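2 protein chains.
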Amino acid sequence: MKSITSAAYSVHFNTFAFAALNTHLEKASYSKVFILVDENSHEHCLPILMPAIEAAYDFEVIEIESGEINKNIATCTRVWEVLSGLDADRKSVLINLGGGVITDLGGFVASTYKRGIDFINIPTTLLAMVDASVGGKTGVDLGALKNQVGVISQPQMVLVVSEFLNTLEERQLQSGFAEMLKHGLIRDRNYWNTLKNGVGADQIDTLIHQSVGIKNEVVLQDPTEQSLRKILNYGHTLGHAVESFFLESAEHELLLHGEAIAIGMVLEGWLSHNLQGLQMDDLTEIKNTFAARYPKIVFSSSDIDGILSLLKFDKKNSHGNINFVLLKGIGNPVIDVQIEENLIRQAFAYYSE
Amino acid sequence: MKSITSAAYSVHFNTFAFAALNTHLEKASYSKVFILVDENSHEHCLPILMPAIEAAYDFEVIEIESGEINKNIATCTRVWEVLSGLDADRKSVLINLGGGVITDLGGFVASTYKRGIDFINIPTTLLAMVDASVGGKTGVDLGALKNQVGVISQPQMVLVVSEFLNTLEERQLQSGFAEMLKHGLIRDRNYWNTLKNGVGADQIDTLIHQSVGIKNEVVLQDPTEQSLRKILNYGHTLGHAVESFFLESAEHELLLHGEAIAIGMVLEGWLSHNLQGLQMDDLTEIKNTFAARYPKIVFSSSDIDGILSLLKFDKKNSHGNINFVLLKGIGNPVIDVQIEENLIRQAFAYYSE
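Residue numbers (UniProt numbering), protein chains in the order written: chain A, 1 to 353; chain B, 1 to 353.
Since the hints were made in silico from the structure, they are not lab data. Every value quoted in this text rests on a predicted model; they were computed, and no experiment measured them. Check the hints yourself; a few may be wrong.
No copy is singled out in the list; a pair is fine if it fits within one copy or between any two copies.
Lysine-lysine pairs mimicking DSS-like chemistry, simulated, CA-CA at most 25 Å apart [as the list claims (entries may be wrong)]:
#: 1; residue 1: K312; residue 2: K32
#: 2; residue 1: K91; residue 2: K137
#: 3; residue 1: K296; residue 2: K196
#: 4; residue 1: K32; residue 2: K91
#: 5; residue 1: K91; residue 2: K312
#: 6; residue 1: K27; residue 2: K91
#: 7; residue 1: K196; residue 2: K287
#: 8; residue 1: K137; residue 2: K312
Here chain A stands alone, though its shape is the one from the complex (with noise of 0.2 Å):
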């Protein structure tokens, strides 16, 4: 498969992919690898990276915990102060072998350390395979808000192994499927059609490329989001609010990021029929879609003024006001439009119906 080349490195795939990190390894002459894992990566995954590995390095392994609750900066110290204490220095490298939290997490680690060293992610879930693999976001969250602290850095490299997703329970890899679908909504109505009744495990590795590509086209044409990454963000302002919600609500379990955008992908769906003329027949698909995938969570009335009041920490806000990614159609998206509360809370009842 096609190796995909983003700002300044490449997204390898499957056979590919181990053959890339010998030959870069090799060159780059690193005084010291370190991977960073969690505990389900370290015993599913570590044990499928390290015999692919030819090159003759010191490795150190860095555990942290699993989950977005471990997403935070007193994590982060506990990395950088085990990276210190391993003496890594400017010419070590991370390898990030898990899910979003290490990508995310490991990046910022890495382009903070020392101010700065190389890393490498390796994505284990499908989530963060189609997500996280391009465009250099990385960041931890600041008590339930997501992604508050982080730098704009870009890996070494990124490989795509779909190896790893044997090691997923089906949770988990319907949470990645919602960003796939989100890449069809928001650019390619064909690509919708494709993902929309549900798709064979020998599709999944060219879908996966599919989706790289896409979220690549994006975000080399506007790495900052000044405008056109915008679009990716369809579903997250409300999905956000309700994973940050959830994430701090004693009441209820835990949402995968999936999940929760799933629920702000209708919601937003809901608004874009009312605002921007996106027409009835593709919102009941697209609501009809997400129910037959994830589970329904019911939102009591004080479960929504919490979310509201969320909402204004968004990132994608400026100036106090909230700014939504909305559908014309589905493949045709529309940025920075401003919505009123009541409209957000009507789109809830759509979503309760």
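The hints should help you fit chain B onto chain A, whose structure is shown.
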């Protein structure tokens, strides 16, 4: 006084400084202006800054405690949380008003808040004016290890207003003067000769301008410190280790940064004489110049052990070797010299004579 143009911004001096700030604030249309201060710059410098600002903005003042001991991630977290709590968005700007702790930490906080907001540095100490005003280094300490966490990130502008120096104690002025002496040692013998016997108050504006110019010329040629920029670390390899050791030692009083690198410059001067042909006369001149200005520190042999054990953490090292900047002559530096521990002990003996 002519503005000095650095990477993507300018350093403006004295009467031109506030005019440039007002022009910038007017043009930039920020959503909100935050000013980071410590208790000293809050009391002494903010009353000078505020009347000079003409633009009609909402200002929020954020105060942190002064001192290197507070230049850490815990303080960053408090500032990130305050920014978030005050609804700072991506179009906000942070003005860092204070010494090197404020500009280093504030630059890092701004560069990582929501993946980066604008910041403006207004150094109020001599050290920060001549050292932190150009080069884009931001960051904080990790325990006793200096500047272990940070990024290279450029401010929108830097204002050097020597009126702020009137708010400083003599010891603070001397600390900054050490960096100016370093600029002479690494780049310009004539400048060293001007400075070494002391300067009058009427000369300070011209000399600050000259020091900023020397540093800027170096960092523009090598922004990422691959080679030439390393010369700015003269005196810092051992100076940082001494500074870190005093920071975490219960028995010693804190040393100011300039006092620590003054010791480092004498130690590394002796190494330069022994390894790189620095003339004995020049070494004596260096030692006497610093001895006349800075308190002589008595190092016990266990102090020296402790300082040597910190050396391996210096950011300038890679592959486990400790690289020094030495002098072949005054104004004529050489980089990447590796030194045996035994010689460093002899350098301490020379300092202590």
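Taking the hints in turn, this is what the structure says about them:
| no. | hint | in the structure |
| --- | --- | --- |
| 1 | K312 - K32 | between (42 Å within a copy, 15 Å between copies) |
| 2 | K91 - K137 | both (22 Å within a copy, 18 Å between copies) |
| 3 | K296 - K196 | within (18 Å within a copy, 75 Å between copies) |
| 4 | K32 - K91 | within (7 Å within a copy, 39 Å between copies) |
| 5 | K91 - K312 | between (40 Å within a copy, 14 Å between copies) |
| 6 | K27 - K91 | within (13 Å within a copy, 41 Å between copies) |
| 7 | K196 - K287 | within (11 Å within a copy, 76 Å between copies) |
| 8 | K137 - K312 | within (21 Å within a copy, 31 Å between copies) |
The structure meets every hint from the earlier list without exception.
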